[in-house]
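Novice: Single-letter residue listing:
4 protein chains.
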Amino acid sequence: MKMEKEYFLSGKINEECGVFGVFNVEAASQLTYYGLHSLQHRGQEGAGIASANKDMIIRHRGEGLVTEVFTEKKLKTLLGEISIGHVRYSTTGGGGIDNVQPILIRSHKGDFVIAHNGNIVNAEKLKIELESMGSVFQCTSDSEIIGHLIQREEGSFEEKIIKALPKLEGAFSFLIMTTEAIYAIRDKNGLRPLSMAKIGEGYGFSSETSAFEIVGGEFLRGLKPGEMVIVTKEGIKSKNYTLATQNKMCAMEYIYFSRPDSVINSLNVHNSRRMAGKILAREYQVEADIVIGVPDSSLSAAMGYSDFSGLPYEMGLIKNRYVGRTFIKPSQQQRERGVKMKLSAMESVVKGKRVVLIDDSIVRGTTSKLIVKLLKEAGAKEVHMRIASPPIISPCFYGVDTSTYNELISTRLNEKELAKYIEADSVAFLTESNLEEALGENICKACFTEKYPTEIFGLLDKIKKEGKNE
Amino acid sequence: MKMEKEYFLSGKINEECGVFGVFNVEAASQLTYYGLHSLQHRGQEGAGIASANKDMIIRHRGEGLVTEVFTEKKLKTLLGEISIGHVRYSTTGGGGIDNVQPILIRSHKGDFVIAHNGNIVNAEKLKIELESMGSVFQCTSDSEIIGHLIQREEGSFEEKIIKALPKLEGAFSFLIMTTEAIYAIRDKNGLRPLSMAKIGEGYGFSSETSAFEIVGGEFLRGLKPGEMVIVTKEGIKSKNYTLATQNKMCAMEYIYFSRPDSVINSLNVHNSRRMAGKILAREYQVEADIVIGVPDSSLSAAMGYSDFSGLPYEMGLIKNRYVGRTFIKPSQQQRERGVKMKLSAMESVVKGKRVVLIDDSIVRGTTSKLIVKLLKEAGAKEVHMRIASPPIISPCFYGVDTSTYNELISTRLNEKELAKYIEADSVAFLTESNLEEALGENICKACFTEKYPTEIFGLLDKIKKEGKNE
Amino acid sequence: MKMEKEYFLSGKINEECGVFGVFNVEAASQLTYYGLHSLQHRGQEGAGIASANKDMIIRHRGEGLVTEVFTEKKLKTLLGEISIGHVRYSTTGGGGIDNVQPILIRSHKGDFVIAHNGNIVNAEKLKIELESMGSVFQCTSDSEIIGHLIQREEGSFEEKIIKALPKLEGAFSFLIMTTEAIYAIRDKNGLRPLSMAKIGEGYGFSSETSAFEIVGGEFLRGLKPGEMVIVTKEGIKSKNYTLATQNKMCAMEYIYFSRPDSVINSLNVHNSRRMAGKILAREYQVEADIVIGVPDSSLSAAMGYSDFSGLPYEMGLIKNRYVGRTFIKPSQQQRERGVKMKLSAMESVVKGKRVVLIDDSIVRGTTSKLIVKLLKEAGAKEVHMRIASPPIISPCFYGVDTSTYNELISTRLNEKELAKYIEADSVAFLTESNLEEALGENICKACFTEKYPTEIFGLLDKIKKEGKNE
Amino acid sequence: MKMEKEYFLSGKINEECGVFGVFNVEAASQLTYYGLHSLQHRGQEGAGIASANKDMIIRHRGEGLVTEVFTEKKLKTLLGEISIGHVRYSTTGGGGIDNVQPILIRSHKGDFVIAHNGNIVNAEKLKIELESMGSVFQCTSDSEIIGHLIQREEGSFEEKIIKALPKLEGAFSFLIMTTEAIYAIRDKNGLRPLSMAKIGEGYGFSSETSAFEIVGGEFLRGLKPGEMVIVTKEGIKSKNYTLATQNKMCAMEYIYFSRPDSVINSLNVHNSRRMAGKILAREYQVEADIVIGVPDSSLSAAMGYSDFSGLPYEMGLIKNRYVGRTFIKPSQQQRERGVKMKLSAMESVVKGKRVVLIDDSIVRGTTSKLIVKLLKEAGAKEVHMRIASPPIISPCFYGVDTSTYNELISTRLNEKELAKYIEADSVAFLTESNLEEALGENICKACFTEKYPTEIFGLLDKIKKEGKNE
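Chains as they are written, first to last, in the working numbering: chain A, 1 to 470; chain E, 1 to 470; chain F, 1 to 470; chain B, 1 to 470.
Some clues are possibly wrong.
One copy or two, it doesn't matter: identical chains are merged, so the pair holds either way.
Mimicking SDA-like on lysine to any residue, the simulated pairs with C-alpha atoms at most 20 Å apart in a straight line are [what the hints assert, rightly or not]:
1. Lys351 with Phe219
2. Lys369 with Asn414
3. Lys351 with Glu218
4. Lys464 with Glu450
5. Lys278 with Ile290
6. Lys167 with Ile128
7. Lys125 with Gly110
8. Lys278 with Pro312
9. Lys167 with Gly155
10. Lys167 with Gly134
11. Lys127 with Gly110
12. Lys351 with Ser266
13. Lys167 with Met133
14. Lys125 with Ser107
15. Lys74 with Gly64
16. Lys224 with Thr245
17. Lys74 with Ile97
18. Lys74 with Glu45
19. Lys224 with Glu441
20. Lys125 with Arg106
21. Lys373 with Gly216
22. Lys109 with Glu131
23. Lys376 with Glu218
24. Lys369 with Gly216
No wet-lab data here; the hints were simulated from the structure. Bear in mind that the values here come from a model prediction, so they are computed numbers and not experimental data.
Sequences and hints are given; from them, build the entire structure.
Specialist: Here's what the structure looks like:
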């Protein structure tokens with residue numbers, strides 16, 4: 001879950017992404033560029049933008065950051081007042097440029113474009129069914145499926161979408177664009193976020209509310225589970241493609257993925273983290289001198305811990321801002337250098353101190369171990385690790401890469417054993433009920449509980465059987 | 001048809017491509033790289049290679065020359081002993097990377113890869129039918145269709161291909177690769193070339209025979225119209241997927257496209273051109289001092305003209321070898337500079353001379369006009385243009401871009417008028433029967449006669465109706 | 001001074017750089033790569049590394065980040081156990097690749113390499129003198145001068161350096177490398193930092209101590225003003241090339257440039273900033289609800305302000321981590337978007353609050369104005385700006401770009417006027433004596449006082465006369 | 001000497017380059033771009049252009065082809081009506097971008113720019129002298145020397161050049177540009193070509209006359225040995241900086257380097273080669289069926305051979321036009337593939353034939369051997385190699401890389417032995433007097449005779465002593 005940690009340790013990565021779109025605004029693709037840039041933390045592997053100009057849809061996509069994929073010249077070719085875009089985090093499958101979205105479907109009835117955030121849990125089943133009816137798949141991602149389902153339905157384009165959506169199980173937010181409309185869709189379980197805003201005379205959609213400011217948008221509301229919002233020249237309307245909904249926002253959106261200034265289901269992310277930090281302090285008191293967080297995602301929780309405990313909040317770890325995709329990775333035996341290229345301990349801050357170290361989550365524990373080592377080498381007398389979420393014990397099938405299942409350290413070690421393994425003086429996690437106290441009840445906690453809010457089509461058994469699904 | 005001329009004048013380009021593949025050879029993708037390099041003259045817009053390693057198919061493709069798309073590192077990831085590749089010439093549709101082949105179809109029954117040279121004339125009809133059954137298209141090219149047709153059939157993979165092929169009308173050579181086999185296919189009209197060779201213990205396939213030498217291959221034979229050759233670990237076998245065949249090799253393969261050292265239907269390209277030049281000399285005598293050809297494709301015909309006429313063969317035009325895709329194009333009013341960047345007249349050769357200038361074909365006449373001007377400015381006393389093919393009066397639907405139809409100068413001007421227009425002292429073309437004398441009867445001459453060897457599904461009417469199909 | 005602010009507002013930039021070198025270590029250039037990466041915040045325009053392998057010096061340099069300039073392959077060509085490198089911040093002159101260091105001097109007596117951090121104030125005078133003696137300059141930077149001065153002296157290479165150095169006035173830290181030695185040099189005024197470390201059997205040098213950790217180095221000490229340290233196979237020795245020294249470390253190293261985990265003259269940067277924040281709180285009390293800092297360089301001071309005032313430290317501004325060199329800059333009328341691409345206000349944090357906003361310095365006030373606006377739009381009731389340094393009233397000639405002199409807002413507006421201009425509710429700066437309280441007396445405060453620690457060769461008059469030196 | 005052969009065989013390359021410049025024309029840098037493009041065959045390693053706009057000189061340079069180094073955007077920054085440029089062939093020293101010209105000298109008296117074609121034979125001596133006076137060298141090329149010599153003289157810029165030039169020994173054509181003038185200079189031995197043209201109201205200079213056509217220039221004349229032509233706003237004037245001149249144009253300019261449409265010392269290159277071919281036929285009759293040339297540089301001589309002998313001129317070898325710098329080189333044991341990537345034998349032409357094969361020169365014989373093999377494998381019954389120049393027996397110090405000296409096969413083998421070595425049926429070279437018959441007496445034949453037209457400062461002894469100077 002910790003994107004950057006994972007990056008060093010195994011190349012295992014999640015499938016969280018970001019989508020952004022605007023309708024009826026000037027220079028639509030340019031606003032989409034700025035919007036995607038604000039969502040860049042949700043995916044750095046690839047980016048794409050499509051725009052509709054009169055009867056034509058133009059798309060450009062590439063591997064890398066938004067700012068690497070798009071030049072001013074390229075952006076100027078993406079004419080029109082309707083545009084959607086996508087930033088992609090790498091998936092297990094990888095697949096390079098082929099899997100970079102948005103997906104463009106060519107049709108004699110009118111081309112359309114799809115940007116997808118999330119994971120379809122019945123993807124394999126649907127693909128086999130579709131193939132048996134003659135469908136041809138060209139990507140390894142599951143986002144292509146919705147295009148096939150739509151094409152196989154009858155009726156107006158809107159009707160076709162509404163008929164297709166109930167066949168999908170899992171987590172998804174879609175933006176679908178034609179030359180005349182944008183269809184914004186949230187899955188019936190509400191697992192992935194999607195919000196809408198007013199931008200001048202037009203509208204905007206975004207995975208996170210924090211992207212609206214840069215485009216001058218005024219946040220209206222989040223879409224509801226099972227809702228489809230359609231904007232056309234005639235205006236905006238909302239439909240429920242199903243009424244069998246529940247509200248199970250991915251807890252990791254609060255804990256790790258989203259920007260602190262985003263608001264999800266009326267709860268600000270920074271505040272939710274700060275609250276988690278306060279609860280940690282309340283539940284797991286410890287004699288210590290200072291509290292520090294692993295930058296950037298754990299700083300809010302560290303502040304919360306400081307609030308409640310009264311321990312001074314300190315800057316004990318410094319993050320190097322320039323670690324990009326292109327840096328030369330240290331060889332295997334130099335794994336420590338990898339962490340050191342990203343994080344430095346502040347000797348002047350931690351020397352001789354008993355440190356409470358806040359991190360948002362622990363996946364495999366390997367990075368945690370190296371961070372503890374960093375702090376001890378810098379002179380920390382004690383390091384008490386406090387994790388602002390419960391232990392991760394089950395794989396996610398809704399967008400977080402499941403392939404690390406067998407490496408999930410909390411499936412094997414309890415807090416005490418874990419403390420020993422990472423050489424910390426103590427370790428404590430939030431409990432499930434603590435988490436609900438911080439985030440409310442309408443969240444998906446499957447990775448902490450193995451209780452999935454949807455059918456999962458045998459995926460868990462499959463992974464367990466395979467032992468190590470790599 | 002004149003690739004390089006067109007390049008300067010309108011961006012209109014044909015859809016001729018090159019395919020190459022090898023089976024059961026070491027470092028298969030590396031041989032494919034060398035083979036495609038030898039076919040580079042058939043397409044410079046994009047290149048791609050796929051290889052099969054055990055159960056996995058890997059593909060890499062990109063825009064540009066073979067040597068630009070593939071680094072050594074990239075090539076080394078394309079493991080395995082089976083590989084096919086493709087070089088692409090830009091199409092009207094363009095479409096960037098999405099249209100670069102080979103096409104990779106993902107399927108739970110096993111992935112497969114398609115490389116296609118040619119044009120399907122019933123593509124639009126097939127696409128609409130397939131879409132109405134739910135197919136989803138992601139390219140603008142027609143090469144995707146065969147994948148859909150195969151997927152919709154029942155039976156073994158071989159059976160599926162054999163059932164699918166008869167639905168296609170038009171010109172095509174396919175290489176289809178699975179993890180276990182290569183299927184090499186030629187259309188039933190024999191419009192596009194495809195040859196096979198023995199390479200050590202394995203086999204090779206190529207659009208032109210000239211690519212076999214570099215990979216150490218021994219040319220076996222060309223495929224027959226309507227033939228499918230299958231190579232697997234069990235060996236090689238041939239099937240006819242139809243018996244309703246004819247032998248109508250595209251005349252332009254001899255006249256312009258192919259390398260002079262290629263052999264098509266047992267006739268060497270250089271020799272066929274030299275023969276065309278001899279016939280030109282025999283039919284259209286003229287008082288002159290020297291004969292020169294437009295490099296490179298008209299040099300063979302110029303030699304032939306010299307052979308018969310006894311006029312000295314001279315180097316009257318020099319071609320700059322370094323004009324690549326990236327050169328900065330002169331502005332519109334500097335069109336002459338565009339030609340001058342590519343061709344220079346040899347003043348010391350042509351000054352004061354009566355010149356016979358051989359070109360392989362005339363499309364719009366604009367470049368011809370500039371070349372005549374070049375020679376006159378260099379001091380040529382007279383310029384007699386002799387064209388080693390008949391006047392082009394009808395569009396091609398088999399791979400040569402039809403969009404230039406309304407600009408085909410021979411639909412409007414006879415030889416005398418054309419001479420006046422391009423400011424030459426005379427112009428003469430081969431006749432249709434001259435062409436048969438040089439190339440034999442088994443050729444497609446549709447672009448000279450408007451008599452198409454296949455049904456063309458109303459394409460001609462459509463183009464004529466549209467007036468200017470751009 | 002505010003690198004990133006400046007970037008948006010005018011392209012004016014300072015000449016601070018970073019140097020790093022190692023002697024007698026394996027894979028020296030690789031360690032230099034990691035070291036430079038840790039100094040990346042000191043310059044992002046260009047990077048270069050030279051290494052000495054036996055009798056040969058190899059150098060590679062390029063424009064961009066360390067990770068962009070060096071591939072693994074490139075780095076492997078830089079063989080040997082001695083290496084120095086440089087990261088460059090863009091200068092007014094710019095000059096692209098020509099000005100990227102290290103400078104390589106070819107000589108029949110042995111090549112040598114120079115990496116320079118700082119500014120020579122008598123550069124123009126020296127260049128004219130050298131030219132009059134026949135010297136040829138090929139860069140616009142002043143770093144080339146030391147090479148010329150060395151070449152014109154007699155004696156051993158060490159003697160030549162010692163004779164050359166006293167001719168230079170101004171701010172400099174040099175690393176000079178031959179195939180046998182590294183010479184590390186600090187200017188006699190101590191204006192620029194340079195530290196040394198033990199790395200295994202060898203030694204390392206760095207502009208900042210924070211770069212030693214990543215290469216496994218143990219910080220030994222900072223060089224003294226006027227000191228030259230020489231490392232050879234025989235060991236390490238120290239010489240004073242002059243005794244007329246003073247200790248005037250650039251205050252901006254503490255206030256803005258350096259990483260918080262660096263130690264300069266025994267004072268940790270983070271601690272010095274935190275102390276400055278405490279003093280701000282003590283001197284300029286204000287009724288408020290929260291205190292926030294402009295990330296990243298002002299967070300330490302904001303913490304200090306919180307410490308003393310008891311106001312909660314909050315995360316009121318979020319910085320986008322993905323703003324690189326390549327992003328498409330908003331047009332002039334969209335200057336606000338430029339700031340918004342980098343900074344977002346946390347509505348949930350600041351809404352309805354009276355905010356103390358800490359920034360490290362104010363140059364032109366334009367960015368400050370936009371940040372205040374951001375916060376007010378996010379609902380902040382009041383914004384009290386507190387600056388962790390005194391007003392900047394005079395240009396710097398030691399490495400901070402002087403060209404902004406006429407735009408220095410504090411030369412025209414007092415605190416009250418400035419508050420009005422940037423639409424803050426109040427503004428307050430540290431005083432000169434406050435600064436000494438935080439940083440000690442051994443600092444250069446010329447930009448706050450117009451009292452320069454060296455002769456400045458008429459540079460101030462020149463700038464004032466020119467009015468606007470752009 | 002054979003650029004492309006050498007490329008495959010050892011990386012040994014000559015230092016021939018191309019220079020081009022224009023004065024008092026609109027969009028001067030754009031014309032320089034086109035001019036350099038026409039000189040691209042003289043160097044593909046790097047390219048650079050400088051232009052003077054008012055008081056400022058701007059330069060851009062890079063590694064690669066002219067079309068790769070310059071984008072339209074880049075070219076537009078090179079404003080002004082004066083411009084000079086350079087294309088560089090790689091040297092032994094290599095040195096990457098540092099050695100790419102033109103060289104830009106920064107001076108407080110006015111910047112200037114140098115483009116140099118040729119080799120200074122007393123370079124080492126001059127460098128040591130200059131260094132002993134304090135000069136600092138930053139390139140490994142010898143072109144930097146002239147800048148130093150000029151800077152050390154007194155007087156006007158013109159006077160300084162005139163005083164500096166006599167110190168240089170060897171081969172050179174210089175273009176020197178200030179913001180007000182271009183100085184075009186040819187060495188006193190006339191070893192390297194340089195011509196001038198009228199372009200509208202302005203002037204142009206070029207290494208070869210063939211580059212004038214593309215820029216609309218009218219060839220005026222070649223510069224004389226020891227001449228300096230100066231163009232300023234006041235007009236054009238000519239000076240002799242020395243009267244001790246001779247006329248010793250490099251024979252290789254005719255034999256290999258120059259484009260066939262260039263005129264050197266009033267003799268057209270194509271005609272000179274054709275004449276050489278005729279003489280070959282006259283001197284070395286052989287029973288044969290056809291005559292073929294190695295493309296492209298030997299086609300003219302093959303035509304000449306055909307003219308005299310009456311044997312048919314044929315296209316027996318085809319050259320692949322797409323072999324660029326980036327192709328993946330076959331491994332060492334696949335050296336044959338390297339040649340095959342560039343050249344194919346025409347089986348249909350050579351099968352069963354006795355072939356006269358014309359090549360322009362033989363350096364090491366390795367490529368010749370592979371070409372003979374190609375032809376024999378394609379069925380040639382006999383291959384009689386005829387070389388359109390004498391045996392190369394001595395190194396060149398004027399621009400052709402001397403490092404291959406010990407590999408010069410004609411120092412070891414006579415014609416009979418050579419025929420055996422390359423497996424040809426016979427080999428014959430032109431004699432020295434044959435060469436004079438073709439090219440006239442005013443040529444440098446040092447590489448065929450070991451008689452150098454200038455002092456060579458012990459360079460020959462040095463090379464012989466070193467045995468193998470690599």
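Novice: Hint by hint, note whether the structure agrees.
Specialist: Against the structure, the hints:
1. Lys351 with Phe219: between (45 Å within a copy, 15 Å between copies)
2. Lys369 with Asn414: Answer is within: at 15 Å inside a copy they meet the 20 Å cutoff, but 52 Å across does not.
3. Lys351 with Glu218: Intra 47 Å, inter 16 Å, cutoff 20 Å: inter-copy only.
4. Lys464 with Glu450: within (12 Å within a copy, 66 Å between copies)
5. Lys278 with Ile290: Close inside one copy (15 Å) and across copies (18 Å); limit 20 Å.
6. Lys167 with Ile128: within (14 Å within a copy, 25 Å between copies)
7. Lys125 with Gly110: between (28 Å within a copy, 16 Å between copies)
8. Lys278 with Pro312: both (13 Å within a copy, 14 Å between copies)
9. Lys167 with Gly155: within (17 Å within a copy, 28 Å between copies)
10. Lys167 with Gly134: both (18 Å within a copy, 15 Å between copies)
11. Lys127 with Gly110: between (23 Å within a copy, 13 Å between copies)
12. Lys351 with Ser266: Cα proximity of Lys351 and Ser266: across copies only (15 Å, versus 41 Å in one copy).
13. Lys167 with Met133: Answer is both; intra-copy 16 Å and inter-copy 18 Å each pass.
14. Lys125 with Ser107: So Lys125 and Ser107 pass the 20 Å test across copies only (12 Å; inside, 25 Å).
15. Lys74 with Gly64: Close inside one copy (15 Å) and across copies (18 Å); limit 20 Å.
16. Lys224 with Thr245: Answer is within; shortest intra-copy Cα gap is 9 Å, inter-copy 60 Å.
17. Lys74 with Ile97: For Lys74 and Ile97, the Cα distance is within 20 Å both inside one copy (17 Å) and across copies (14 Å).
18. Lys74 with Glu45: Answer is both: 19 Å inside a copy and 18 Å across each meet the 20 Å cutoff.
19. Lys224 with Glu441: within (16 Å within a copy, 61 Å between copies)
20. Lys125 with Arg106: between (24 Å within a copy, 15 Å between copies)
21. Lys373 with Gly216: between (45 Å within a copy, 14 Å between copies)
22. Lys109 with Glu131: For Lys109 and Glu131, the Cα distance is within 20 Å only across copies (9 Å; inside one copy 22 Å).
23. Lys376 with Glu218: between (47 Å within a copy, 16 Å between copies)
24. Lys369 with Gly216: between (43 Å within a copy, 18 Å between copies)
When the structure is compared with the earlier hints, no violation turns up for any of them.
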